[in-house]
Structures are given as C-alpha cells and as structure tokens.
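*Asks:* Required output: the full structure, derived from the provided sequences and hints.
Protein chains in written order, with the working numbering: chain A, 675 to 999; chain B, 5 to 282; chain C, 39 to 431.
There could be a bad hint or two in this list.
Taking CB as the label site, the calculated pair distances span [unchecked claim]: (1) W913(A) - A189(C): 14 to 20 angstroms; (2) G359(C) - I118(B): 52 to 58 angstroms; (3) R239(C) - L20(B): 30 to 36 angstroms.
By construction, these hints were calculated from the structure, which means they are not laboratory data.
Where is the CB? At the ideal position from N, CA and C, for every residue including glycine.
The primary structure of each chain is shown beneath.
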Amino acid sequence: MLRDGPLREDLMPEVLPPEDLPPRGAPRDAARGEIDRHEARAAWLLSLPTLVLMLLLLVLPCAALVALSLTDAELGVPEMHFLGLDAYLNLLTDRDFIRSFRNTAVYVGLVTPASVVLGLVLALLIEAGTDLRAFFRSVFFLPVVALTVAMASVWQYLMHPSFGPINLMLKLVGLPSVNWLGSSDIVLPALALIGIWQAVGFNMVLFLAGLAGINRDLYAAAEMDGARSAWSRFWTVTWPMLGPTTLFVVTITVINAVKVFETVATLTQGGPAKSSDVLLWTIYQEGFVYLHVGTASAMAVVFIVVLMALLLVQTRILERKVHYT
Amino acid sequence: MIGRLSPPARAARLALLLLLAGIVTFPFLFMISTSLKPQSEVFASGLALVPQHWSAAENFAKAVTRIPMARILMNGVIVCASIVVFQIVFALPAAYALAKLRFRGREIVLALVILGLLVPIHAISIPLYAAARSLNLLNTLSVLVAPFTLSVFAIFLFRQFIKSIPDDLILAARSDGLSENAIVWRIILPNAWPAASAFAIFSVVAHWNDLYWPLISISKTELATPPLGLLFFRAAEAGDDYGALMAATVVITLPLILFFLAAQRLFIEGMTMTGLKG
Amino acid sequence: MSAAVELRGIGKSFGETRILEEIDLAAAQGEFIALVGPSGCGKSTLLRIIAGLEQADEGAIALDGRDVTGLRAADRDMAMVFQSYALYPHLTARQNMMLPLAMRRLNATQRLPLVGRFLGSARSILEEMARDVEQAAATLKISALLDRKPAQMSGGQRQRVALGRALVRRPQAFLMDEPLSNLDASLRVHMRAEIVELHRRAGVVTIYVTHDQEEALGMADRVAVMMNGRILQIADPMTIYREPAHLDVACFIGSPRINLLPLTIDAAGRGICGGQVLVERANAAQGERVTLGVRPETLVVHAEPQALSLKVAVTRFEFLGSDALLHARAAGLDAPLIAKLTPAMATLLQHHGELHVSAAPEACLLFDADGQRIAGTQTSALPASFGRASHAA
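*Replies:* Pasting the structure below:
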C-alpha cells in the first residue's frame, strides 16, 4: 500500500523546500530545526505509553521500595515510623538472612560451573558429528520448556527417600539410599541438581549458537599451523572464540540461579531447618507471610544490589577480556 | 570439522549422547509412567516403567477434577497471551523511537531501560503488591497481566534489531507519506518479525513458568495459573498420591511441550536469539 | 629431481555431486601455479585436498617425491593463506605468527602458558622463535604492527600478518586461497607484486587459487584452468591466452570475452558464417559444427568488404581511455561482436553504421562440437609484439 508518484511531490515542500532554497545560515537552520522538532515530537508520542508504564511499574516501585526499607512498615498496619538504615544494619547480624545469603551463594556455586561445563560438553558433542543432531538438541532442550513447578514435583517423587527411583537405583548397585530433600546437608546439592538439569539445555543451545559463529577457516588454519589433536584445536580456536558466549552463558546462569524460587517453594519451603532458605524465599516469607514490609524491602534492595554488582563485573571487567575488538 | 569422525569416534559420540539423553529424559519417563500407575504400585515396584495395573483413567480423572484444571490452563493461556500482546504493542514504538529517531531525553529513556533490565519483578513485588491491594486488584486476572505489560527487555531487543533495518527503508516510507505511527506497524513490525516471534516465545516460556507473582497476588483456585494451580493441587492432595500428582504434572506440562515439539526450530532459535542479545 | 607437489588422479565427491575428476598436476620446485576457474569449479576443494584439510576419494599426492596422501594437514609441512585471513582474533600479530612455530618446535609441556617459560629447554627455542618472527615481520614491513590484535589492523595489514604466519616457518609449499579478494582494487594490484616477490625470495612452490584471471595470468609461471571439477588446460599464461585448448578456456580467459561465431563447413573444408566464407581451411569434415573464436583485439575492422570478412551493423562505440570497444551485430548471430580498437581507429570509424570484420588465419581459433580445439589452426609462432594486425579503414 505504498503510494508514489504525484503524492511524493506534494510531500516535498514539507520535507525540503524544492525552490528558493534559503541562503546558508540561519533560515536554513530554522528549517532543519523544524524537522528535528517534528521528529522529537513523534519520538515522544511513540514512547509515551512506555514512559508512563516505566513510571508506574519501575520508577515509583523502586522509589517506594527504597522508602519502605527505611521504615518499620508492616502490611495491614496503617502507621509506620522512619528508622533510617536500621533495617540494613539489622540484616548484617540477622542469622537467618546471612544463612539465606550463603545458601544462595552455595546454590549458585554448584549450579553455574556444572551447567556451563555440561552445556558446553553437550554442544561440542552435538557439533562433533552429524547423526541425530536435531534430535539431541531438542531432547536436551526439553527441560527448559517443562514447567518448573511440575518438574519439581516429579523430582520430589524421583528423590523420595523410600520408594523414589533414584534411591532404588542406588540400592541396585549397592549404595546406601540418600534422604535427598530431607537432610540439611544434602538438600542444597539436591536442589542444585534440579537446577543443573533445567539449565543445561539452555546453555547448550547458547553454546551451539556460539560454535556456529566460529569461522571454519580458523580450524583449518590451526590444523595447518600444526594443531594435530582435537584437544589442541579446542584450546587454540574453540575456547578463545567462545569467550563472549561463555561469559554470557555464565552471567545468565548466575542471574537465573540467584533467582531460584520455584523449586524451593514447591519442595522444601526453605527446610529442613532453614537449610534451603534462599534469598527470594526469605524475602517472600518476610514480606508476604510475616508481613514485615520494611525488613523485606531492605532485603530486596540488597538483592538488587547483588544482581547489579554481578552484571557490573560482567560488563566492566570480564567483557574487556573476551571481546577482541 | 564435519563428517570427519572415524567410525569408532562416531559410535562413541552417539553412545555418549544417548546415555546423556537418557539421563535428561529420565524424569519425563517416570512422570508419564507414574501417572499411569495405581498408588500401590508406586510404592511397591518403583523401577518398572510399565504398570501392571493401569490406573491412568483414575489418576487423570483426579488430576482434572480436584482442581478446575481446564480453567487453570485457560488462565495460563489468557494471561500469557495478554502479556505478550501488551509487551509488543508498548515496546515496539518505543524501541523504534530509541533506535531511529533523534530526540532530547533519549539517553534518559535508555538509562531507564537499562535500570529495568537490572531490577527483577521479584525485587519490587512488595510495592507492586501494596499498590494492587489498595486498588482492589488482588485476585483478578488483570493483576497477573498488569505488572508485565512493560518489558524493558523487549524494548532492548527490538531496538537492537530495528537498528539493523536500513534507514533508507524508513526514509522511503516517510516520503511515501506514512506517519511515524504507520511506519512502526506497517514497515517496522513486518521487518522485525523474527525478533518479535523470538521474544514472544521467550515471554510465553517465562510467564507460563512464573510462580512468584501469582503466589503473591492470587489466592483463589479458579484464578490460578498452571504453576500455582499445581501448588493448590498438592495442597488439596494430602499424602503421597503420586499417581494423581504425576497425572496433574503431565496435564500441566503438556501444552508448552507440545507447542515446543511442534515448533522446535522457532523455539530454539527464539530462545537463542533472546538469550544472545539479552 | 622429483616434482615439489604432484597430484595423480585426484577425485572427490560430496554425496552425489562429483566435485573433482581425474586431476593430475605436477608443480616443479619453486614454481608458482595458479588454479583459476569460475566459482564452484572445485579449485578451493582441490587446494584443501593438497593441504590435507580434506581427503580425496581417489588419487595420490606426493611432496618432493614423498607420498603424503594419508597424512594430516599438520604433518604435511605446507602453509596456507586464507581468503578470510583466519587470524586468531585473540592473539596479537606476533602471537599469531609465533603459534605455528610453537606448535612445531615446542612439546606439550613447553607450550603450557606460564610454566613453559621457565623451562630451560624452552627458553632458547622461544628466543629463536622470536627472532624468526621479527625477521619475517621485517620482510613484510609489519614490525610496527606486531603487538596489535587483528581487529586493530586494516584489511591490508591483516593480509600481511596472514602472509607472515605462512612465511615464518619456511614451509615446503605455500597454498593461497583467494588471498587478495577481500582487498580494495588498488591494494590488490600492489599486493600481487609483493606476493610474487615473496614467492621468488622464498623459492618454494606456491599454489594460488583465484577466480580472477588477471591475477592468474599476471602472477603465475603456469596457470591451470578448472571447470566442473576438471583441469581443462595447464600452461604458461601466454599459451593459455593465445592457444586455449578448449572453448571454455577461451571463453573464461580474456576480457572482453572472446567473440564466438558458429561455422558450417562446406565440401571444400571452408568455414562459413552468415553466408560468408570466414576461414579458408578449417581442418574439419563437411557438415561438422565448428565454433570460430576471435579475440576482440585480433578482430580486424574494415570500412569496405574484404575477402573473408563479415558485414556487421555497428551498435555502439565504448571509449575506455587507452582503448575503445566497437559493438556490432552480424545478421543471423545472437551474440554481439566486440572489437578492441585504438581510440584513433575508433574515431575514424565511429560514423559508419555498417562495417566489415575479419580475422587473420593465425588469429582464428577453431573448436569442434565438444569444445575441443581443432589442431592445425595454431599459429606457427607467437608474434614478436602484442601489436594488432593493421586496420584498414
């Protein structure tokens, strides 16, 4: 439905005066300024709905969050008092919060390396040959699209201490059974196992995309240069070329792992004895179960700061090392 | 490096991948198998995949009657579809303005987009909840959609994509007399279709899965989304009736899995694209 | 002395498609051979087979008389320059050039980062490697670039580093896959001379793949013209141009393209086109379909009809600076004829609507129905100068 011909001429005076071009200098700048103003007006109109939403859903809530974190507000209690940084100072000595922070760090520390390395291994294995490529890609991707809460329920059954298939298999090979979700030492690794299972497929497709972007000539060049084994070609070409992808995969995995909530809410509710308390679960409990809005807000601010710090590390420090431009 | 594997290496690759595929699909196999078994068999013969007595009908009947399953799935569809439509409708014009138009204040808007990328919904759920409560929006489908109508990620992704559309196309559209608004919907949208479909898939997967916000804002079973519905099912189902629970997980997991199996390429490419550009 | 690189009966298929068929080639020590052909003719695949990056389905490859058919690329001691340069973007120019040396001269432990540096055995090798890199860099005038990464260099500079990486380890053969095609036109002409000079100094055989006939003719000692997976002709550049063995070679080499005229042969063995006898003695049987090829610069243009000339209608003059092209049509011929003239000649002729063209017998290239050159029409000797036959106005 593009119009052309005469209509285009009608438009001309508006865009560029075709005759009597003003002399160099002020009048022409004025015409230019008119166009700029028109463009700016259009831009603001197009962005307006988004700007309103940003104000309502981002700026105001962030401001309110910070404001609430400085008070002793409780849900359902009409009055509140300004406490300054008390809530933050309390967090420093709050054993439950510290435990929750540490648990989250342990969970992230387990999930990230394992799911990144496994994702890379799967991508390399798939890329190494031609048989059943699409099939394997889809199979390993399945957990990504399976509902987390539902799969958590399945894992709960698999990890059931007495009749769960995992323990039955351990018994088959003569190993003692494990109380996966019921023992405070094992519960975090058990949750991490589920997290790894779900993250591997996503990391794999990201690595596959990264591998597809490597110039094939580099492998040929490495071979000509004397890289005989697949091992030395990997370290000469694949690993350095995957630098940006790896950094990105690590960042995404860390951020998703820090936000772990669904499996904890479904399977352990932070238990046993708070040994699987993680940040989001603690914030949720504090804010929506105990209704301590002030404390929960302070925790949420800390949570945002942690995420920002992680992203800052990515963009400012590591990115310089893996981008070769 | 393709097609140069020696026969033993080829076999080793296949064997290793098949083994790993077995491990990864193991939960799915047991999910389906258990959903077909009577309770006694779940307790007794854990490792057999094929049930001796079939209780599929009984388990699935429980799964769809204990909670209003059809209603819950429908809620999920309505919520996810609304979210995607709103996100694209709001994000695309803004992304176009940020990518192709010059205006004062552009840097401020961009800074807000970056801020939005850093702040997850979980963190600001407390003020959002307070607002929803004072507006009497709790326990409505609207409250499930409203906070997600803004997707700074969509703005960011679309902006990257629109930047790669040649300026000449837009200049040609302008000289053909299209307004800026018409350019967004008639020129940019068709050209940004790969980004839009990739984002749609990413968004649907994220919101179909989300438990945090529904758990906070919804307490009525008939308004639950699938993850919350499953939590309600588990609460209603005292004890270890794993057959019925697995039947419910099958029913709730199936829609997205079928969607995925029907459009695998689109899915994987979409997730990769949103992943790599995010 | 055995050939530096020798290929015997190389054949290769990808699935159903036959990529290479019966390739034989022997390159002498120090020779510069260009493989030229249209895209998809198999020239790059052949080069990769020589390199050892691909395995041939049939045939054998020997380097200096040593059979290397089954050897991996890393074990063949050849260096390759890629069209994309294939420099390691995370390494500086120095490290890029050092890498092939490290791979060959150091063992796995010595190559370990940090650790290797402190091994006494490695240190002297490392110093020697550094010297070799400096030397190669000096030859290529890139000493100032050694600590830059590829992204900080221009296309021409990357090209030099890629050459340096190939040069530094003094291989038995250089393989180059369209190394100049990513450079702009003026730099390309300049680099041709440099590569020829590098080749002369290194004194080892160079096999150079290109689709650019000018590069092939201008740089190589011998040119192999490839089409559809076969080498149609291999000869020195002048022979390739003057005495193409096959119609496809005649068409591929030369710009503007050679003029083709379909001939019918009469009982006297004369070649006739458009009712006009153009060739007196065609060496072909009556009734055979023969194609006459005449290079634009050997097509002679006359104002009046001559013996063995063809009447043409002038369609266009094209002035190119040092030359001018005359475009013309002959009755009954689909393709236009093109004659390359001096500008002075073109000025004289440009107002004629109708002209006559002919070719000296030694300039007539005849090909049979299969495209094979018909023997007996070759010139006895190449003319001493490149001057054209005189044009009679």
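*Asks:* If a hint holds in the structure, say so; if it does not, say that too.
*Replies:* Results of checking the hints against the structure:
no.: 1; hint: W913(A) - A189(C): 14 to 20 angstroms; in the structure: holds (18 angstroms)
no.: 2; hint: G359(C) - I118(B): 52 to 58 angstroms; in the structure: holds (56 angstroms)
no.: 3; hint: R239(C) - L20(B): 30 to 36 angstroms; in the structure: violated (50 angstroms)
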